[in-house]
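Novice: Going down the list, the sequences are from chains A and B.
Per the numbering used here, the first sequence starts with residue 1, numbered consecutively.
Per the numbering used here, the second sequence starts with residue 1001, numbered consecutively.
Quick caveat, the hints were computed from the structure, so don't treat them as lab data.
Note that beta-carbon positions come from the ideal geometry of N, C-alpha and C, so glycine has one too.
Treat the hints loosely; a few may be bogus.
[What the hints assert, rightly or not] Away from chain B, derived, C-beta distances all over 12 angstroms, residues of chain A:
id: 1; residue: L50
id: 2; residue: T55
id: 3; residue: Q57
id: 4; residue: D61
id: 5; residue: F69
id: 6; residue: G73
id: 7; residue: R81
id: 8; residue: Q85
id: 9; residue: E89
id: 10; residue: D96
id: 11; residue: F97
id: 12; residue: R232
id: 13; residue: E236
id: 14; residue: R252
[To be verified] Going by beta-carbon spacing under 8 angstroms, a handful of chain A positions derived as facing chain B:
id: 15; residue: S84
id: 16; residue: A88
id: 17; residue: F94
id: 18; residue: P101
id: 19; residue: L148
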Amino acid sequence: MIRVRNLHKYFGRLHVLRGVDLDVERGEVLVIIGPSGSGKSTLLKCINFLEDYQTGQVHIDDESVGYDFQPDGRRRRQRDRRISQIRAEMGMVFQDFNLFPHKSVLQNVMEGPTIVKREPAASVRELAVELLRKVGLADKVDAFPATLSGGQQQRAAIARALAMRPKVMLFDEPTSALDPELVGEVLDVMKALAADGMTMVVVTHEMGFAREVGHQVVMMDRGVVVETGPPRALFESPAQPRTAEFLGKVLRS
Amino acid sequence: MSYTWRFDVVWSYREVFLRGAAVTAELTAGALVIGLLLGLALGIAKGSRFAMCRVPAVIFIEFFRSTPALVQLVWIYYAMPIVTGLQLGSFVSVTLGLGLNAAAYFAEIFRAGIASIARGQMDAARSLGMRYPQAMRRIILPQAIRRMVPPFINEIANLVKLTTLASVLAVGELLHEAQNLITNTYRPLEVYSALAVTFAAIIFPVLLLARRLESVWRIHG
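With the rest of the complex left out, here is chain A (with noise of 0.2 angstroms):
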């Protein structure tokens, strides 16, 4: 469903992203892992051109996602339409979770099916009341987001992204803000979302999660993939030495 192919990513002279090659399934939960600085989230927000990049090739469901490419080997930047076309085919939840702080949750919720789908808000506003009912929202909907806890807020920011009924959910580090007590709340939801087949890639630190939940485990290092593989064999028997340093040094902590 995704396809990632050689794609190499410079900030400036920064080369963060050295030759990635990605594959995703659909229904599949695919989570990545290693150091930061390692072109994680980087990854991530070329997969909905969020940043662009340089050479390569990202796909969902053989669309090219950003450039189209000419017979000669050329490529030129697809129109803004065209993107924010293939952008609302995947949802996004940030580390930050990036609620809009002048709309309340619903609002929020309702925002991305109105403005860009052009729905009428009555179904909208059903379609919104019941995905906050799913993350445990159902008494948060006309909240603004500052009055919310991290936990709370980033469960809106799920549903807000789950509201344009998104072929693949995008979730970078979606736990990283929080405060320890809150990321079991996050993760559940995360957790029934991958039980009801929804297509996932996943950046995080949580190895618990990436253990149970997981299909496929990426582990990257300095802008390349260094390994890939189902959680079990990955955890317990890498077959990379840098896989093995960094699960050693996360797991002891």
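Since the structure of chain A is provided, determine the placement of chain B on it from the hints.
Specialist: Chain B in isolation, oriented as in the chain A frame:
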């Protein structure tokens, strides 16, 4: 040394102040409209990733911020007809000149306000599939404008006072009317004092409104 204050003389000419105040308000309003619209465009252009948008905006802004407003008005009223053959009336010249000048300052406020809204808000809006103008209008600007209100009010207060420059082009705003009054009454101290009070009467409600808005927005996050 004794000086007899004769504010009663000024009071008997109060209509002159009302007339001047009306012109001052019109000049301010006109310049404000030009300044806000052009300033928004310039502010967005200055934050653009395209040099083609950014460079002209920067040149405009820095030019108008680094030359005296008085000279800008003289250019538009006296020099532009010589160079281009286009002669604007004095009222229009002042409105346009102050509008362009205000735009340069407003642009900086818009740019800083937009930049202060974290990149994450734009990312979130874009990730929902919003196009750039939608994200600007619905997500970024509503938040940015709240942060812009205090510096905006400063600029508006400055703008009201800048309209006194119109007296140089013989536009009948407050200062010009006051100066005429002085030549009739020989009461400069009283007239200038009354002038200050009149300006305060115009500007103070604006400051009050700003404080009001800030406290309302503080409640609604």
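Novice: Go through the hint on S84(A) and say holds or violated, using the shortest Cβ distance to chain B against 8 angstroms.
Specialist: Status holds, d = 5 angstroms.
Novice: Determine whether the non-interface label on R232(A) survives the test: each CB of chain B must be over 12 angstroms from its CB.
Specialist: holds, 32 angstroms
Novice: Just want to verify: L50(A) was marked as not at the interface with chain B; is every Cβ pair farther apart than 12 angstroms?
Specialist: violated, 5 angstroms
Novice: Looking at R252(A) again, its CB stays over 12 angstroms from all of chain B?
Specialist: holds, 32 angstroms
Novice: Against chain B, does F97(A) hold up as non-interface, every C-beta pair farther apart than 12 angstroms?
Specialist: violated, 8 angstroms
Novice: Classify the label on D61(A) as holds or violated, using whether its beta-carbon is more than 12 angstroms from each beta-carbon of chain B.
Specialist: holds, 16 angstroms
Novice: With 12 angstroms as the threshold, tell me whether T55(A) passes as away from chain B on beta-carbon distances.
Specialist: Per Cβ check, T55(A) is outside 12 angstroms of chain B; nearest 20 angstroms; holds.
Novice: According to the definition I'm using, a residue is off the interface if its beta carbon is farther than 12 angstroms from all beta carbons of the partner; does E89(A) meet that for chain B?
Specialist: Non-interface label fails for E89(A): nearest chain B Cβ at 8 angstroms, not farther than 12 angstroms.
Novice: Verify the interface restraint on P101(A): the C-beta must sit less than 8 angstroms from at least one C-beta of chain B.
Specialist: holds, 5 angstroms
Novice: Hey, does Q57(A) actually stay past 12 angstroms from chain B on C-beta?
Specialist: holds, 20 angstroms
Novice: Is the nearest Cβ of chain B still more than 12 angstroms from the Cβ of R81(A)?
Specialist: At roughly 7 angstroms from the nearest Cβ of chain B, R81(A) sits no farther out than 12 angstroms, so the non-interface label is violated.
Novice: Measuring Cβ to Cβ, find out whether G73(A) lies farther than 12 angstroms from everything in chain B.
Specialist: holds, 25 angstroms
Hint check: violations occur at hints 1, 7, 8, 9, 10, 11, 19; the rest are consistent with the structure.
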